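Peer 1: Given next are the chains, with one letter for each unit.
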Amino acid sequence: SQQGEEDPQALSIQEGENATMNCSYKTSINNLQWYRQNSGRGLVHLILIRSNEREKHSGRLRVTLDTSKKSSSLLITASRAADTASYFCATAPSGSARQLTFGSGTQLTVLP
Amino acid sequence: GAVVSQHPSWVICKSGTSVKIECRSLDFQATTMFWYRQFPKQSLMLMATSNEGSKATYEQGVEKDKFLINHASLTLSTLTVTSAHPEDSSFYICSAHKLASTDTQYFGPGTRLTVL
Chain R
333 SQQGEEDPQA
343 LSIQEGENAT
353 MNCSYKTSIN
363 NLQWYRQNSG
373 RGLVHLILIR
383 SNEREKHSGR
393 LRVTLDTSKK
403 SSSLLITASR
413 AADTASYFCA
423 TAPSGSARQL
433 TFGSGTQLTV
443 LP
Chain A
15 GAVVSQHPSW
25 VICKSGTSVK
35 IECRSLDFQA
45 TTMFWYRQFP
55 KQSLMLMATS
65 NEGSKATYEQ
75 GVEKDKFLIN
85 HASLTLSTLT
95 VTSAHPEDSS
105 FYICSAHKLA
115 STDTQYFGPG
125 TRLTVL
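Chains as they are written, first to last, in our numbering: chain R, 333 to 444; chain A, 15 to 130.
What the hints contain is simulated information worked out from the structure, not anything from laboratory work. Quantities reported herein were computed from a predicted structural model and do not represent experimental measurements. Careful, some of the hints might be misleading.
Derived DSSO-like pairs (lysine-lysine); straight-line CA-CA distance at most 30 Å [unchecked claim]:
#, chain 1, residue 1, chain 2, residue 2
1, A, Lys34, A, Lys78
2, R, Lys388, A, Lys55
3, R, Lys358, A, Lys112
4, R, Lys388, R, Lys402
5, A, Lys112, R, Lys388
6, A, Lys112, R, Lys402
7, R, Lys358, R, Lys388
8, A, Lys69, A, Lys28
9, A, Lys80, A, Lys28
10, R, Lys402, A, Lys55
11, A, Lys55, A, Lys78
12, A, Lys28, A, Lys55
13, R, Lys358, A, Lys55
14, A, Lys28, R, Lys358
15, R, Lys401, A, Lys55
16, A, Lys80, A, Lys55
Looking from chain A toward chain R, a few residues come up when the C-beta cut is under 10 Å (computed) [as the list claims (entries may be wrong)]:
#, residue
17, Ile26
18, Phe48
19, Met59
20, Leu82
Short, incomplete list of chain R residues facing chain A, as computed with Cβ under 8 Å [what the hints assert, rightly or not]:
#, residue
21, Lys358
22, Ile381
23, Ala410
24, Gln431
Backbone N, C-alpha and C define an ideal beta-carbon position, used for all residues, glycine too.
Turn these sequences into a full structure, and let the hints guide you.
Peer 2: Below you can see the structure in the form of structure tokens.
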């Protein structure tokens, strides 16, 4: 079964706006990762946040992690049409830093 | 960098045939590789964990006799879909865990399998 649930399932915004996606999970984790997938393509690793971290930045990306609520958010600032893709969170459970369980994904559409 | 390739990128076959998909880590060694399956508009589901030199570990509900995995070297894992049927049509993605690395998996570009 899926570890993570993401919301919204789909998000449509105008170029220049910020996009926020949320991920919830059920069990204790070692780390949480965000990936991007263009239609019919492989996954691109965006950012990893460890269980003892609360916030992380990478360029226009900002990820937060709240282990007490078992949730994470991905914020993309100043979105571009090229950011249109599916975004997935993936968790690596405690005791197994390798095996990933993916969330259901958010389809982001950025309109030019 | 850390590049993972998959071959073929797409394949169409007749029902009942077997299809082999290769996953290679091009510039690093990977003791562990993972195979995922993704149906249209759905997320990735882990099928099995492939360990170099040992038997693969399959997730619940994945038939090991139908999805044969071989991890013969530190840079190559293969997934063979035996006696493929239309319901096996999917996007198969592998990932490789870098030797001596801690967390990051590197994903291949995926293989689109269509069974007629």
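Peer 1: Look at each hint and say if it fits the structure.
Peer 2: To see whether the hints hold, each was checked on the structure:
Of the pairs offered as hints, the one joining lysine 34/A and lysine 78/A holds, with about 14 Å between alpha carbons and a cut-off of 30 Å not exceeded. Taking the CA atoms of lysine 388/R and lysine 55/A, the gap is about 28 Å. The hint holds against a cut of 30 Å. Between lysine 358/R and lysine 112/A the alpha-carbon distance is near 27 Å, which keeps this suggested pair within the 30 Å criterion. For the hint linking lysine 388/R to lysine 402/R, the alpha-carbon distance of about 16 Å falls within 30 Å, and the restraint holds.
Distance check on the hinted pair: lysine 112/A and lysine 388/R sit about 23 Å apart at the alpha-carbon level, within 30 Å; holds. A hinted pair counts as satisfied when its Cα atoms are at most 30 Å apart, and lysine 112/A with lysine 402/R qualifies at roughly 27 Å. Of the supplied pair hints, the one linking lysine 358/R and lysine 388/R holds, its CA atoms being roughly 21 Å apart against a limit of 30 Å. Taking the CA atoms of lysine 69/A and lysine 28/A, the gap is about 28 Å. The hint holds against a cut of 30 Å.
Of the pairs offered as hints, the one joining lysine 80/A and lysine 28/A holds, with about 16 Å between alpha carbons and a cut-off of 30 Å not exceeded. For the proposed pair lysine 402/R and lysine 55/A, the alpha carbon gap of about 25 Å is at most 30 Å, so the pair holds. Among the hinted pairs, lysine 55/A with lysine 78/A is consistent with the structure: their alpha-carbon atoms are about 25 Å apart, no more than 30 Å. A hinted pair counts as satisfied when its Cα atoms are at most 30 Å apart, and lysine 28/A with lysine 55/A qualifies at roughly 24 Å.
For the proposed pair lysine 358/R and lysine 55/A, the alpha carbon gap of about 22 Å is at most 30 Å, so the pair holds. At most 30 Å may separate the alpha-carbon atoms for a hinted pair to count; lysine 28/A and lysine 358/R exceed this at roughly 40 Å. Distance hint between lysine 401/R and lysine 55/A is fulfilled; the C-alpha atoms sit about 27 Å from each other, no more than 30 Å. A hinted pair counts as satisfied when its Cα atoms are at most 30 Å apart, and lysine 80/A with lysine 55/A qualifies at roughly 24 Å.
Given the 10 Å rule on beta carbons, the hint for isoleucine 26/A is violated: about 15 Å separates it from the nearest Cβ of chain R. Look at phenylalanine 48/A: its Cβ gets to within about 7 Å of chain R, closer than 10 Å, so that hint holds up. A hinted interface residue such as methionine 59/A counts as satisfied when its beta carbon comes closer than 10 Å to some beta carbon of chain R; here the least separation is about 8 Å, so the hint holds. Taking 10 Å as the C-beta cut-off, the interface hint given for leucine 82/A is violated, the closest approach to chain R being about 20 Å.
The closest approach between the C-beta of lysine 358/R and any C-beta of chain A is roughly 15 Å, which is over the 8 Å cut-off, so the hint fails. Proximity of isoleucine 381/R to chain A is violated relative to the hint, the smallest CB-CB distance being about 10 Å (cut-off 8 Å). Because the smallest distance between the Cβ of alanine 410/R and any Cβ of chain A comes to about 26 Å, over 8 Å, the interface hint for this residue is violated. Nearest Cβ of chain A to the Cβ of glutamine 431/R: about 7 Å, under the 8 Å cut. The hint holds.
The structure is inconsistent with the numbered hints 14, 17, 20, 21, 22 and 23, although it conforms to all the rest.
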